[in-house]
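Visitor: Single-letter residue listing:
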Amino acid sequence: MSRVRALLPAATTLALAFATACSPRGAGLEIDPARPACSIPKVVTVRWNLPPDQVLPASLMVNGPGKPMKSWRRATTHVGEADTGAWASDGLTITLVSNAGKPLARRTLTRAPCDDV
Amino acid sequence: MGDGNRMAAARAPWKAFAASALALSLPLLFAFATWLLDRASIGVAADAYRSPYTVATNALPGLLACLAIFIATRRLLFSFLLGFLAQSAVYTASSIKLEVLQVPVTLEDIHFLTGIDRGGIAVFSAYIDGGAAAWAFVVAGLGVLALVAWFETPWFRHAGPTRLLLLALAASATASLVSAGWPWTRIHDLDATTPTRFTTMPTVLHSGLMSSLVHTHLERKTRVFAIDDRALREAARRLDEDPGAPVGDHARPLAGQHPDIVVVLSESFFDPRILKRIDALEDPIPNVRTWLDSGYGGQMAVPAYAGGTIRTEFEILTGMPVQAFPGAGFPYMDLDVRRAPSLPGILAREAGYRTVAIHGHQGSFYNRASVYKPLGFQKFLTSREFRPDGHKDGLWYSDQSMTDLLVGELEAGEAPLFAFAISMQNHGPYNQARTLRHPDAWEALTLPDGISAESAIELRNLLYHLGSADTQFARLLGVLQRRERPYMLLFFGDHLPGLKSTYPELGFVDGKSPRTQKPSWVLIRGQGTTTWPADRDIGFPWQLPAELVWEAGIDNAYFDFSRRAGAALGPDYAKKPGSPLAKGLTAAARANLKGELEARLP
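As given, the protein sequences belong to chains V and E, one line each in that order.
Using my numbering, the letters of the first sequence correspond one by one to residues 1 to 117.
Using my numbering, the letters of the second sequence correspond one by one to residues 1 to 602.
A hint or two may mislead.
[As the list claims (entries may be wrong)] For lysine-lysine, the following DSS-like pairs were computed, each having C-alpha atoms within a straight-line distance of at most 30 Å:
id	chain 1	residue 1	chain 2	residue 2
1	V	K70	E	K373
2	V	K67	E	K392
3	E	K594	E	K575
4	V	K102	V	K67
5	V	K67	E	K379
6	E	K379	V	K102
7	V	K42	V	K102
8	E	K576	E	K221
9	V	K70	E	K392
10	E	K512	E	K575
11	E	K276	E	K221
12	V	K102	V	K70
13	E	K373	E	K512
14	V	K67	E	K575
15	V	K67	E	K500
16	E	K221	E	K518
17	V	K42	V	K67
18	V	K67	E	K15
19	E	K221	E	K500
20	E	K518	E	K575
21	V	K42	E	K221
22	V	K42	E	K583
23	E	K500	E	K512
24	V	K67	E	K594
25	E	K276	E	K512
26	E	K583	E	K594
27	E	K392	E	K221
28	V	K70	E	K518
29	V	K42	E	K392
30	V	K70	E	K583
31	E	K512	E	K583
32	E	K594	E	K379
33	E	K392	E	K512
34	E	K392	E	K379
35	E	K221	E	K373
36	E	K373	E	K392
37	E	K221	E	K512
38	E	K575	E	K500
39	V	K42	E	K379
40	E	K276	E	K518
FYI, nobody ran anything at the bench for these hints, they're computed from the structure.
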């Protein structure tokens, strides 16, 4: 077996795995502001967009880096938005979870480096 | 086909082009896949802080490992697969550690890899759920690796210029990393930020776990524990000039009487009634509570949670706060303790004590076997000594077996004894039913109504083992009292256990987080059944050895300083580390580590 033939299947598998991991599964989630400057506002807006075939309600979960997810609120419409409380901070992660418990999309609040301000 | 023929066959231009493209794409795939692992391991979005710079720098340590494997094996795909498997293992370990201890893999954990033994494997494998599936995955991975190694042809000759060039590259990159040199110091000039509510590990979030490890390494290579002589002198002056400070000037009924001193570090021991809904249950620690309620102890803030026994232990044996040595996660491994006066060393050298440490596990775990002798222990009884007559209760050797050995040591000689016992029975994990010595007692434990199955098993295991520790505490005290010799018994918990389900479900009485909760300590000074309460304002473990030395009537410059500073500071050592006394205590601890305190005191 040549070196090239040995490498191709593995490289293809890794590429597919990478592409699959990046797939948003058709659901949309965003945090506004998307990437605030050095100082992050305490309250941010979360917008979600569920495909029409998704059963309602879905769930919005929150967690910090390395922390378990906790339920934040239910998404009772396919398209909607909600403000967080005054607890948003660097690393706050929102996960949109389907009615069946499947993660559909995830966003993390990040900030620009402080010396860019 | 020999190596030469294979390489000749691969010289066709299109093959060379394709091989080059793949050789370039593999590092890219490795870097992006590592980034995905990284983000998944801390539960944030894949695009959080993703940039070419962060992805590349986070992959560099792994790529260096792949390069080393490539040079050794001459097989590129095999090298990247093996490197990625190793990388995946690190991230898996980090996820488990986050779940159990709420901290990711840190640089200190490398000590467990370099010093891994049966004890370490036993402890870590106990935390891996789904053992059969995990082993099947490992076996399958090794099978794939073996196949790739078999089929992939070598990329260069054994001693050709390519191999020598790559070897030079890998060696110089490794040398500069180990010595904290360029380019690593330039690459990892990380944006250090203040932890916020959601960001307890900003470097990991902003740059990735592997970058964080490199960053920590670079910091430590240039770290110096500077001794602030001015702060030391100022603190000494304040302590001398402030007679109003509570300097622990109490009666010392045992001073000069060479009492036996027994210190029991009880694994994960704490008063479960700091949890809500536990006070209505039968008390699992009635013996310890009797002494706590009678003024013989209290609660103290420890530098560990769910693990890290060694940090509390270090404070108990040396009297030095780990807070004085930032970044020294595992003090026995990160600090040179050979010159520091320690509790067993002082008692053996200056008062003729027999000194023994007892721990029902591998002596090499946490590097104890290497440091106990320099610390002053004459004897270290480990699982080897437990094996002939000891028994396990659950996964680990029982508190009863540990107490058996303690009693044996008490009765083994005429000279006063200093014994330090580290229990093991109540070590986690708590999430499974185990083979117990007293299953009926385990079954009979009452639990709060309506709690989940996960919390029920955690809590039942915890209460069972706490009860055993409490029983053995009472048994040991009885033995000491019957000997009619003066004694001091110090019994304390090293940290709270990591109960993943119980804490969130029950919550704590004070409404605060698990990490802020304080384990109990009890200090009984006595002779026969006559005892004296320990009316001490103890806030931290490092204060306790100073009290023992003081009570025994032994003078030591550092313990005298730390006892008086601790009494004057109270909780301010942690809350106000910049205060003059706190800075002085930090300076004293650093000077003591070097054995230079007395020379630096005014």
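Visitor: Which hint numbers does the structure go against, in order from smallest to largest?
Guide: 1, 2, 5, 6, 9, 11, 13, 16, 18, 19, 21, 22, 24, 27, 29, 30, 33, 37, 39
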